[in-house]
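Below are the chains, spelled out letter by letter.
There are 2 protein chains.
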Amino acid sequence: MKYPTAIYLDHAASSTLRESASKAMVEAWQKGPGNPASTHHAGRAQRRILEDARDKVASLLGAFPDEVVFTSGATEANNLALLGHAAAAGPNSPLIGSPVEHKSVLQVLCELAKAGHPLTLVSPNPEGIVPDLTCALPTGANPGTVTLQLANQETGALQPVGKLGKQLASTHPAWRLHTDATQAVGKIRVDFHSLFVHTLSLSGHKWGGPIGAGALLVRRGWPLRALCHGGEQQDGRRPGTESSMLAAALAVALSEAVADLDAFQTRASAFRQTILNTLKQNAVPYEINGSPEGLPHILNLSFGGIRADLLVMALDLEQVAISAGSACTSGSILPSSVLTSMGLSKDRILSSIRISLGHDTTPEIVDEALVRLIRVVRRLGGGGLS
Amino acid sequence: MKYPTAIYLDHAASSTLRESASKAMVEAWQKGPGNPASTHHAGRAQRRILEDARDKVASLLGAFPDEVVFTSGATEANNLALLGHAAAAGPNSPLIGSPVEHKSVLQVLCELAKAGHPLTLVSPNPEGIVPDLTCALPTGANPGTVTLQLANQETGALQPVGKLGKQLASTHPAWRLHTDATQAVGKIRVDFHSLFVHTLSLSGHKWGGPIGAGALLVRRGWPLRALCHGGEQQDGRRPGTESSMLAAALAVALSEAVADLDAFQTRASAFRQTILNTLKQNAVPYEINGSPEGLPHILNLSFGGIRADLLVMALDLEQVAISAGSACTSGSILPSSVLTSMGLSKDRILSSIRISLGHDTTPEIVDEALVRLIRVVRRLGGGGLS
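Note that the protein sequences, when read in sequence, are chains A and B.
Per numbering that gives the first Met the number 0, the very first residue in the first sequence carries number 0; after that it's consecutive.
Per numbering that gives the first Met the number 0, the very first residue in the second sequence carries number 0; after that it's consecutive.
Everything labelled a hint here was simulated from the structure, so no lab data went into it.
There may be inaccurate statements among the hints.
Copies of the same chain look alike in the list, so a pair counts if it fits in one copy or across any two.
With a cut-off of at most 30 angstroms between alpha-carbon atoms, the simulated BS3-like pairs for lysine-lysine come out as follows [as the list claims (entries may be wrong)]:
no., residue 1, residue 2
1, Lys-30, Lys-102
2, Lys-22, Lys-55
3, Lys-55, Lys-30
4, Lys-162, Lys-22
For reference, chain A alone in the conformation it holds in the complex:
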């Protein structure tokens, strides 16, 4: 067999650890023990690894090193940003977001709304794009917080964060803007300062770093309240012993992903075209959910009424890993809030699956996945929704 038996096309949920990242972890632990907060040689050796990683992340994303706060992932980073901004802006400061956001943003907004912050959620257009959040800016209100993701986790739709940032900076300079860049970093060029955002969250395992390693970029001069209290690590913004091992792996994986950006885009676009062409050639009816101009490695499809959970299960039996909606909700049969807010029909939403490609996806993997996908769709075809 030329293709691997198990096929993994769920990279938006979690991608393959890059060899460079695992190597960086091994190198970090081979340096021996040491707490980066300790002043002796062993502590300094770990601190050097940590600060090198911070410098690398900063330079790859157009930030200053002191703007990088390492976290355990994007969930923590999104919480740190949004709870921090809301606290800084004041008890009843307004919040503006969109239902296309990831749960770790949406749930925070809902909690803040329960605590008294007026919340406006602006629906996306049918392609999943939120063209303008400024329409929701209250006139004459206290400054508040706007949040807009860089790219969507279910459809790959790209959001106009830079445009929004520039506009806010000129018309509402006291407002704070957060972007969840989890699905965009390592996939498209991201320049923190030119986005005019105050915070940006990212997660290493979406582009070949380890799970458990993420970061929040925090604009200089816009301090945030920490989520936890304790030591003075990371200027008190994220107390707790820092893992130089995880930071180093995140940084080196990011560096590789950024170096491969254009080539990855080209590969992913070609794979996407192959998938769509092959489906057409085999007369398999499908609909694409979301903008055709989004991230090419995320493809959200509905197969004429075949229930997504059944399709995902049937493909799993064929050793193909794909997802129905984002991983956090994949265990549930609740319709995706992203697709619902796009105004899609219930049938189309309940039959939507996400195929997401990764840095190690090859033409052979895509070809074999298509053979199995078409076989399974044909077998389930015409079943309709129960």
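Model the placement of chain B on the given structure of chain A, informed by the hints.
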């Protein structure tokens, strides 16, 4: 040379990663990509690793698997516990603790006090032990939260948590008891249920697991508010993608530490005796800070007025890594709050250093460390405090 050039005796700050732990990480990433929240085979493979780790941690510490919440470390675990208990007990619920606690407990207590919770801090006896916190229980007040560490991070003093737990359970069953067991787990036998605590925090890197891996044990029936909002991971108590790699490494390191408990205690006691005897034989005057009956692998000493920061630096030049106070404060020259609360003189506090032994400490390491320590103390001797 029979001894290693660089000598590490700061294991209470962070210990050497065990080979079994690094092997577990390699095994986890060799399983391939997968988000443990995904329902397909790749996700399930990671979930299996994660749940095996949870089962192992639970059985090693006398807890149920659903009582184990993996976190990024003890700082997060302590915050989750104390902020959660205070929220559950109500806005003005009382708090009782002690100044011997780690910063990640003390700072949380102070933040809660600022938010209106009445806080009582009970000082330890001169040996660093807090014999009775129940004296601070207000009569007739709303139920609140008591926190008492299992072992002290600077002196190794063991606190009577089990006794306190039993007493609270019988006289104040509505009160909540948290214990920070960071320095005790993997060093002494810890049985969650028989301590009668509601939460217990731990950190993998204190006994050979990786930095970035910790856990909070949460008693069944005593739900806690999560620190972050997002996905439903770990029953919503700790949203965010779970790292099976870190959990597996933490679990296997704990399993090895627990299997080696008695042997480690014996080795550490012998090393401690060697250190004290050798100092005596070489007529190096010292004082022991804290209970002589605490954890044998933590030795807190003052050398007649030699400033700790100078001693730590001079030893660092001799390639010996030890600490002045706990790592989080080692960069500062503020006197330790632990030793201050024990009523020690300022001279003794400012000259106190911590030597902490680890699972890979050998007689050769201790002997060579002593040669260098005695040389440095003699060189600095009689300097007095400036």
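The hints, checked one at a time:
| no. | hint | verdict |
| --- | --- | --- |
| 1 | Lys-30 with Lys-102 | between (38 angstroms within a copy, 27 angstroms between copies) |
| 2 | Lys-22 with Lys-55 | both (16 angstroms within a copy, 27 angstroms between copies) |
| 3 | Lys-55 with Lys-30 | both (19 angstroms within a copy, 28 angstroms between copies) |
| 4 | Lys-162 with Lys-22 | neither (39 angstroms within a copy, 47 angstroms between copies) |
Violation of the numbered hints given earlier is confined to hint 4; every other hint is satisfied by the structure.
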